[in-house]
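Colleague: Input sequences plus hints: build the corresponding full structure.
2 protein chains.
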Amino acid sequence: MKIKCAIVGYGNIGKSIEKLVVKDEDFDLVGIFSRREPSTLKSPYQTVFYYQNMLLDDRFCGIDVVFLCVGSAFDLQETAFKVATRFSSVDSFDTHAKMGSYVRDLDAIAKMSGTLAIVGCGWDPGIFSLQRALFDAIMPEVKPQTFWGKGVSQGHSEAIRRIEGVKYATQYTVPKDDAVKRARHGETCFDARDKHERICYVVPDYQAYYGDSEVSEEQKEKLQKIIRDKIVNMPDYFSEYDTAVHFVDEAEYFENHTKMSHAGKVIAVEKQNPKDDSAKSIAEFSLELDSNPDFTAQVMVAYARANYRLQSQGETGAKTILDVPITALLKSDDNLKYI
Amino acid sequence: MKIKCAIVGYGNIGKSIEKLVVKDEDFDLVGIFSRREPSTLKSPYQTVFYYQNMLLDDRFCGIDVVFLCVGSAFDLQETAFKVATRFSSVDSFDTHAKMGSYVRDLDAIAKMSGTLAIVGCGWDPGIFSLQRALFDAIMPEVKPQTFWGKGVSQGHSEAIRRIEGVKYATQYTVPKDDAVKRARHGETCFDARDKHERICYVVPDYQAYYGDSEVSEEQKEKLQKIIRDKIVNMPDYFSEYDTAVHFVDEAEYFENHTKMSHAGKVIAVEKQNPKDDSAKSIAEFSLELDSNPDFTAQVMVAYARANYRLQSQGETGAKTILDVPITALLKSDDNLKYI
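Residue numbers (the working numbering), protein chains in the order written: chain A, 309 to 647; chain B, 309 to 647.
It is worth saying that the hints were derived from the structure and are not from the lab.
Take the hints with a grain of salt, since some may be wrong.
Note that identical chains are pooled: a pair holds if it fits in a single copy or bridges any two copies.
[As the list claims (entries may be wrong)] With a Cα cut of at most 25 angstroms, we get these calculated BS3-like pairs of lysine-lysine:
1) K588 / K451
2) K579 / K323
3) K458 / K489
4) K419 / K327
Modeller: Quick look at the structure:
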């Protein structure tokens, strides 16, 4: 098998995917596509084209799977709908609250176009979704609890960066220790605020915002207030959490807040008796990641392999990670070695 | 959906399955089938029939899924092959080394008969197999490490019980702490003996073995030696491990060795650089089970639901847990809630 693939969006995840597919003999990277001016982007491995070319240029009609790596919150849905009219794709769409309508709309387009989109192929949504569903299937009376962090959420950082007047931003998701302990004893009644806090480090772009190289302290404070309000009230991303926003200068930002590590766990505790503390079964899945985008890229590459396999079986439409059997992900056909 | 099901084998797992299906509105328990004389077995919920009746009596031709709960090591394969000629099934076959030939032979029979068998639906083989394959798909350069215990292995205990002269037996699998630590630092070169020891508590049946109520100390020692040799040299089960065999009397056995708890973990560590100690990604899945047969039964019931769904999609043959998408296991159709 040789899977002709393309990367749309050349940020962290796009670059991580590129590194993986160029060294994987199953993949042939046809091109990298971006909305940005290609000459401003340099790839060590492949030509960067304008995104529009992928959809219009017949040279690219043989692409088997497109890796959609554009910023999730705002651009991904629109790009996915357009790409699905011609190509199969994998993405790591990560807005839990919008997943339902996204999958329904994409499914209709992909089915009509005879393409296959596998959505939410990261670790959460993604591998964690798989674990939650598995735990629920086996322990139906249990409500699996998910904790994220401490780590940088790319989706949330990106959402802040899209606010006017923000130059750089990093958002740390931090689990509350007490809640993790309670979850391991089988407690399941938490609201979003009980389990995590969100800590944001933001570098404002005062000059660009005010169109002036001279910006007063008062103007700075005003912009900070505007940004803070937009962050803490942002639905789906921040409004349901305790969110702290710190403004820092560029030097401090690059010194301390550019690592992309992350972590998380899914805990399911089945009790013998709901009233006592003794557990009947405890299942726990955890990840600790030095590089969130690298790991997300690894998941996307595995599901791209599955996408290619399922296409060859005639599958079309939009699927989530729950719809894909693990066999479809594997490089080798010797599945029995895992049993 | 109302899944007509039957239980073959009325030991620990069979009884655990019975408790689950009678309270699950999706299942209708048609009967319990055993090789033992039905009048010696009492079910609080359903009639116990001779196993042969299931295959011969037209009353039972509407069974959708058979839970195969007979002792794995010796009887399960033969039973599965016969059942597959008429019925679809799930089992928790657990001899890793024989899985390949079992799946191939069962696949041929089931395909010819238009039935669907899902094999190895426990936690290992089973949920752990799923995690190993998933880790390998996402982190292809990593060799996931599995640890079992401390806990009772039903398969190994049963294997001991089948030895002539054994009345009761319990086998504890115990992971070696040092090996777990090394695995969490990314070490992957272990042989079976490095990772676990096997500790067996056995009550011999001297009177039955010698056919005499008067048994000398010498005769006792002789039988103990025979049993010990058969255990430690048993291929697949014990021969590759450090195995300790302790002989105890009935009172001590029932006091201390009849719990059925178990535990285990699968660890996958991806390194930045194979030569240093720093991990790039760590994935870990763990289970702690108060009752191994109860949890195994829960897995089998989930895969019985999947079996029924996949049958309705025209699937036949023998499948492992890797071939079944998680969606097929779920009670609800609202899969997006897990994403």
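Colleague: Would you mind marking each hint as holding or not holding in the structure?
Modeller: Right, here's what the structure says about each hint:
1. K588 / K451: Only inside one copy: K588 and K451 sit 14 angstroms apart there, 30 angstroms across copies, limit 25 angstroms.
2. K579 / K323: between (45 angstroms within a copy, 19 angstroms between copies)
3. K458 / K489: Both: 15 angstroms inside a copy, 23 angstroms across copies.
4. K419 / K327: Neither way: K419 and K327 sit 31 angstroms apart in one copy and 42 angstroms across, limit 25 angstroms.
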